Amino acid sequence: AQTVTQSQPEMSVQEAETVTLSCTYDTSESDYYLFWYKQPPSRQMILVIRQEAYKQQNATENRFSVNFQKAAKSFSLKISDSQLGDAAMYFCAYNRGSTLGRLYFGRGTQLTVWP
Amino acid sequence: KAGVTQTPRYLIKTRGQQVTLSCSPISGHRSVSWYQQTPGQGLQFLFEYFSETQRNKGNFPGRFSGRQFSNSRSEMNVSTLELGDSALYLCASAREGRGRDTQYFGPGTRLTVL
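In order, the protein sequences belong to chains A and B. Here this note's numbering is used: the first residue of the first sequence is 1, the next is one more, and so on. Here this note's numbering is used: the first residue of the second sequence is 1, the next is one more, and so on.
Here chain A stands alone, though its shape is the one from the complex (with noise of 0.2 Å):
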């Protein structure tokens, strides 16, 4: 079975400074996709960024980069310049790809961003 483990229950970041997030998840499979999504105090879930196992190089989406590391199964998530907004609670979650879309969550990480 797949599991996904987040061991930050929670983290907190300074105001501009940066800010990691740890994940690291368990598979027997070669074909997956990873994520992080972010969910505010308005209990939206929103997509952060997104990993294709296949591909070595790590994603970037602005302020957001991840640091997968494929035969550790580890997927990292580093905030840089950390925002008041960026306070929210974090999942890392897993995907494979060869079969039906079926998302497997961590147990989150909830980040503080004192000013």
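There may be inaccurate statements among the hints.
[Claimed, not checked] Over 10 Å on every C-beta distance to chain A, these chain B residues come out as not near it, computed from the model:
hint	residue
1	A2
2	K13
3	R15
4	T20
5	E48
6	N56
7	G62
8	S65
9	L90
10	R100
11	V113
[What the hints assert, rightly or not] To spell it out: a stretch of chain B is covered by chain A in this simulated footprint if at least three of its residues, at any positions, have a beta carbon under 8 Å from a beta carbon of chain A; those stretches are:
hint	stretch
12	34-44
13	105-111
[As the list claims (entries may be wrong)] Pulled a few chain A residues facing chain B out of the computed Cβ check, cut under 8 Å:
hint	residue
14	Y32
15	Y33
16	Q44
17	L47
18	R63
19	F64
20	A71
21	K73
22	K78
23	F91
24	N95
25	L100
26	R107
Source of the hints: derived by calculation from the structure; they are not laboratory data. Source: prediction; values computed, not measured. Note that CB positions come from ideal geometry on N, CA and C, so glycine has one too.
Position chain B relative to chain A; hints supplied.
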């Protein structure tokens, strides 16, 4: 393009009642998935529909059911509500629902069972 919409946003029910939640996917998306989010269990997959057919199902009792209409809108039904069914129910839509497809979420329906 309009996002995923869910109605109602909030519901309060009592034990033993049943409830129906609705989800309208992004235009052009044919796959709709449902997830339950609770503090204790986190985010859990309920089921996924594509072209009016349930293709995938999570480990939930038969009290949880759903359906999808020809316009891809989906409904989820929970019968004989229990206190433990109190949760945020999230709907997500995707183009084809394959693993490579990104799922986009609605704002959720907050269900409280008294």
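**Prompt:** When you look at the beta carbon of B:K13, is every beta carbon of chain A farther off than 10 Å?
**Reply:** Non-interface label stands for B:K13: nearest chain A Cβ at 19 Å, farther than 10 Å.
> Any Cβ of chain A at or closer than 10 Å to B:A2, or is the non-interface label fine?
Replying inline: 14 Å, holds
Given as non-interface: B:S65, partner chain A, CB spacing beyond 10 Å: Since the minimum Cβ distance to chain A is about 17 Å, B:S65 lies beyond 10 Å and the statement holds.
Worksheet entry | B:V113 non-interfacial with respect to chain A [C-beta, more than 10 Å] | Holds, since 18 Å exceeds 10 Å.
task: Could you check if A:A71 really has its C-beta closer than 8 Å to a C-beta on chain B?
output: 21 Å, violated
Q. With a cut-off of 8 Å, does the beta carbon of A:Y33 approach a beta carbon of chain B closely enough for the hint to hold?
A. 6 Å, holds
Hint validation: A:F91 versus chain B, beta carbon distance must be below 8 Å. Holds or violated?
Hint on A:F91: holds, closest Cβ of chain B at ~7 Å, below 8 Å.
Can you tell me if the stretch 34-44 of chain B counts as covered by chain A, using C-beta to C-beta distances under 8 Å and a minimum of three residues? holds (count 3)
*Can we keep the A:N95 interface hint, with Cβ of chain B closer than 8 Å?*
With Cβ-Cβ at 5 Å, under 8 Å, it holds.
Given as non-interface: B:T20, which should sit over 10 Å from chain A by C-beta = 20 Å, holds
Can the hint on A:K78 be confirmed by a CB-to-CB distance to chain B that is less than 8 Å? With a minimum Cβ separation of about 20 Å from chain B (threshold 8 Å), the hint on A:K78 is violated.
Quick check on A:K73 please, does its C-beta sit within 8 Å of some C-beta on chain B? 17 Å, violated
Of the numbered hints listed earlier, those contradicted by the structure are 5, 6, 9, 10, 18, 19, 20, 21 and 22.
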